[in-house]
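Chemist: Just so you know, the sequences run in chain order A and B. So in my numbering, the last spot in the first sequence is 379, and the numbers never skip. So in my numbering, the last spot in the second sequence is 1413, and the numbers never skip.
If you're looking for bench data, these hints aren't it; they were derived computationally from the structure. Don't take every hint at face value.
[To be verified] Heads up, simulated DSS-like pairs for lysine-lysine below, C-alpha to C-alpha not over 27 Å straight-line: (1) K109/A <-> K265/A; (2) K1277/B <-> K1298/B; (3) K1114/B <-> K1233/B; (4) K1233/B <-> K1199/B; (5) K180/A <-> K1284/B; (6) K1074/B <-> K1242/B; (7) K265/A <-> K1074/B; (8) K180/A <-> K1277/B; (9) K1169/B <-> K1242/B.
[To be verified] Chain A side only, calculated, beta carbon under 7 Å to chain B, not exhaustive: (10) P131; (11) N134; (12) P135; (13) M202; (14) T212; (15) N214; (16) F270; (17) L273; (18) G339; (19) M343; (20) T344; (21) D345.
Here the structure is a predicted model, which means the values were calculated and not measured. Built from N, CA and C at the ideal position, the CB exists for glycine as well.
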Amino acid sequence: MSMVLNEDQMMLKDAVRGYCLTNAPVSVLRYLRDQQSEDGFSRELWRQMVDLGWAGMTIPEQYDGFGFGYGGLEIVLEETGRTLVPTPLVSTVLLCATAINLGGSEEQKSALLPAIVKGELIMALALEETPFHNPTRIATTARPQGAGYVLNGSKQLVIDGHIADKLIVVARTAGGQDDKEGISLFMVDRTATGVDVRRTLMVDSRNAAHVTLNNVQVDEEALLGDLHNGFIVLEKTLDIGRIGLAAEMLGNAQEVFDRIIDYLKQREQFGVLIGSFQGLQHRAAHMYSELELCRSAVRRAFDELDGAQEDIPILASIAKAKLSEVLCNISNEGVQMHGGIGMTDEFDIGFYLKRARVAQVLLGDATFHRDRYATLSGF
Amino acid sequence: MQELDQFRDNARAWLEHNCPASMRTPMTEDEVVWGGRNPTFKNPDSKLWLERMAALGWTCPTWPSEYGGGGLSKEEGLILAEEMQRIGARSPLNSFGISMLGPVLLEYGTDEQKLEHIPPIVRGEIRWCQGYSEPGAGSDLAALGAKAVLDGDDYIINGSKVWTSYADKADWIFCLVRTDFDVPKHSGISFILFDMRSKGVTTRPIRLISGASPFCETFFDDVRVPARNLVGKLNDGWTIAKRLLQHERTMISGFGLTSGRASRGALAATVEGAAMKYRGDTTKLSDAVLRDEIARYKIDSEAFAFTSRRSMEEAKTGKGPSATSSMLKNYGCELNKRRYELLLQAMGNQALGWESGDHTDFSKDELRITREWLRSKGNSIEGGTAEIQLNVIAKRVLGLPEMPIAAQKKGEK
Ligand SMILES: Cc1cc2nc3c(=O)[nH]c(=O)nc-3n(C[C@H](O)[C@H](O)[C@H](O)COP(=O)(O)OP(=O)(O)OC[C@H]3O[C@@H](n4cnc5c(N)ncnc54)[C@H](O)[C@@H]3O)c2cc1C
Chain A
1 MSMVLNEDQM MLKDAVRGYC LTNAPVSVLR YLRDQQSEDG FSRELWRQMV DLGWAGMTIP
61 EQYDGFGFGY GGLEIVLEET GRTLVPTPLV STVLLCATAI NLGGSEEQKS ALLPAIVKGE
121 LIMALALEET PFHNPTRIAT TARPQGAGYV LNGSKQLVID GHIADKLIVV ARTAGGQDDK
181 EGISLFMVDR TATGVDVRRT LMVDSRNAAH VTLNNVQVDE EALLGDLHNG FIVLEKTLDI
241 GRIGLAAEML GNAQEVFDRI IDYLKQREQF GVLIGSFQGL QHRAAHMYSE LELCRSAVRR
301 AFDELDGAQE DIPILASIAK AKLSEVLCNI SNEGVQMHGG IGMTDEFDIG FYLKRARVAQ
361 VLLGDATFHR DRYATLSGF
Chain B
1001 MQELDQFRDN ARAWLEHNCP ASMRTPMTED EVVWGGRNPT FKNPDSKLWL ERMAALGWTC
1061 PTWPSEYGGG GLSKEEGLIL AEEMQRIGAR SPLNSFGISM LGPVLLEYGT DEQKLEHIPP
1121 IVRGEIRWCQ GYSEPGAGSD LAALGAKAVL DGDDYIINGS KVWTSYADKA DWIFCLVRTD
1181 FDVPKHSGIS FILFDMRSKG VTTRPIRLIS GASPFCETFF DDVRVPARNL VGKLNDGWTI
1241 AKRLLQHERT MISGFGLTSG RASRGALAAT VEGAAMKYRG DTTKLSDAVL RDEIARYKID
1301 SEAFAFTSRR SMEEAKTGKG PSATSSMLKN YGCELNKRRY ELLLQAMGNQ ALGWESGDHT
1361 DFSKDELRIT REWLRSKGNS IEGGTAEIQL NVIAKRVLGL PEMPIAAQKK GEK
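Okay, chain A solo, but in the shape it has when bound (with noise of 0.2 Å):
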């Protein structure tokens, strides 16, 4: 086990940071917003990104990827995370490259894989049903018909949807509402008859779509793992998502504590700075202590993932219900500390609140991962 970064991945820090506070700092999702951005997101950056090698990075070398493992799409996610940068990197790289890579056939493999690589390929999940994540509660069917599927059914929340080349759907084969067995899931072209995909605009001005699938006819290589045992493959997915966004979601926090820390050290008010209050200090002081164990939090389950592999589902529960309960508390405090500037929507601050909330609940928020963790845990 190690908590600590070894040495080639203190370097791919430096390398990420220097990166994003270049080339995509948090200006590039105002500029979005403000441009109304179809996309959402900016294929000039995402081509940069997929040159560093940002898109190959966990993917096994025979599919053309790098291989250097989960550590260092971790340090990437945290980076991004803190200068809220757009990219696919949660939809096409965490969620679907991650389905590919451990449900798919060797055909599957090695049609998708490169291409993701080589930024080529854009790709969605299509799973939430319901305004609250809820990875069982699915009523969207696939029925048999010749040698493939017949789909139908609405998504919601569903990353990167409308610029998604290809989503992953998952689907009902068998069994009843919130049952495990009879979960399935298939590849569907975004532009294949009877897919309607539209934008839905979130609060944090960042990207998901609304999935709607009538009589969608897909063959027998669509399907993605096997039959009815889809949920096998999607909790791992949903895992290392998750482990993914927590990590997003460190970098979030992270920014926001060291821009209130600047502040404070920084703005006078009663003629010192308004840093040495002791009601601010203790605060802060809590933060830093929060945000350390959320750093240990996120560090664990990614050298779990590069390791034993053993206990993901609840590194990866503690991982998100943790980061989404202080990563709550900091957005607020970015908001508070800074006064009256901070409420306003020139000042940057704002943005990191909103990415928090939708950051939060996306596949699962504290509540959830509370939950989990006890039923993981026998009690």
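For this one, chain A is given, so just place chain B with the ligand on it according to the hints.
Modeler: Quick look at chain B with the ligand alone, frame taken from chain A:
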């Protein structure tokens, strides 16, 4: 007692007859009536309602009738409020004139000033804004630097204010200015009133994180103001400024009252209603954790409402709001912020939309909640931050000693 019962009967009958049905529904932010030279009424009934209430002075029920107020006693005022609440009547007029300036003008203004300014406030004809905060003087309000220099019968005002709510829509401003630079900071401040149309006044709206632009930067460039517009004594403005803040804080504490038992109905009128609706629950909220948190929040807000009522009743024997207004302000704001965080949990993804475009992903109500949630973050900043309220409680209410450094630099607003 009998007289009060009689008053209640009369008020009830009058309201029944005069309050239009559409004025008995919950009000959205854009339906609030602010009055002013160019008033906006989203619904013609709001105009009628305002005129009827203003004719009796019931927009300001307890203000003296010689200045257009309702002339009611504190008890009668409370009864009127109860009767309005009973039928869900909207407040006919909302303004900084009513909640902040009026009460201090009645206390400190000259008869001329009262006659000039109070009746238009009651009738909603002049809309006021608050020129307190400056870029370098927020929590440390007394450090303000906008200055007024006497020139014949006028003061010439120069400087700037910031976060001035609705400065771009207001007709007049009540403003803190420095009139003496050579004395300790609290002793050189004056309280002055002027028309926002005066030459040399400009405003620049600033957008909030919630999207709207209700506050402004406000600039004064050689603005000429008649000396008779100074309220109270020269250089004694700090006393008035603090008093006004107590009224402001009492008003803001009302944010914590929106969630009482009285309000039921529309989506998210109650947090528990929203939580159940989005889970498809009918008799009991299925999410036990959220149920507990909402119950805890509701219990706090009920107890808060009782406290607010108790403090109102106590005040009627005393001299109006006191330092306890800081407790109410802080608690009320925290409750309101909690309410919106709970609404987010109640509604899940549906509370995280921004615009619906041509689609129907999010309803108007849902989008409004998202923005109100963001706006609620300002509650613990406006009217003096949470931290400043806690400092006031610690020092003025509890009498705790000051920190050595703070003692040298001297105090909060
Ligand atoms: C929505 C909104 C509307 C407003 N409307 C108006 C208006 O109409 N007119 C007007 O004049 N002003 C208005 N304000 C301004 C408001 O009064 C100030 O923002 C507020 O007093 C804080 O001042 P500041 O912004 O300079 O923050 P600062 O004073 O710089 O505070 C920064 C942080 O330091 C903390 N801090 C400062 N001093 C202490 C201390 N002694 N102990 C502990 N912590 C401390 C603060 O609590 C805050 O967290 C509005 C503000 C908002 C958000």
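Chemist: Against this structure, judge whether each hint is valid.
Modeler: Cross-check of the supplied hints:
no. : hint                : in the structure
1   : K109/A <-> K265/A   : violated, 52 Å
2   : K1277/B <-> K1298/B : holds, 18 Å
3   : K1114/B <-> K1233/B : holds, 16 Å
4   : K1233/B <-> K1199/B : holds, 25 Å
5   : K180/A <-> K1284/B  : holds, 26 Å
6   : K1074/B <-> K1242/B : holds, 23 Å
7   : K265/A <-> K1074/B  : violated, 48 Å
8   : K180/A <-> K1277/B  : holds, 26 Å
9   : K1169/B <-> K1242/B : holds, 25 Å
10  : P131                : holds, 3 Å
11  : N134                : violated, 10 Å
12  : P135                : violated, 14 Å
13  : M202                : holds, 6 Å
14  : T212                : violated, 11 Å
15  : N214                : violated, 16 Å
16  : F270                : holds, 5 Å
17  : L273                : violated, 11 Å
18  : G339                : holds, 5 Å
19  : M343                : holds, 5 Å
20  : T344                : holds, 5 Å
21  : D345                : holds, 4 Å
The structure fails to meet hints 1, 7, 11, 12, 14, 15 and 17 from the earlier list, while all remaining hints are met.
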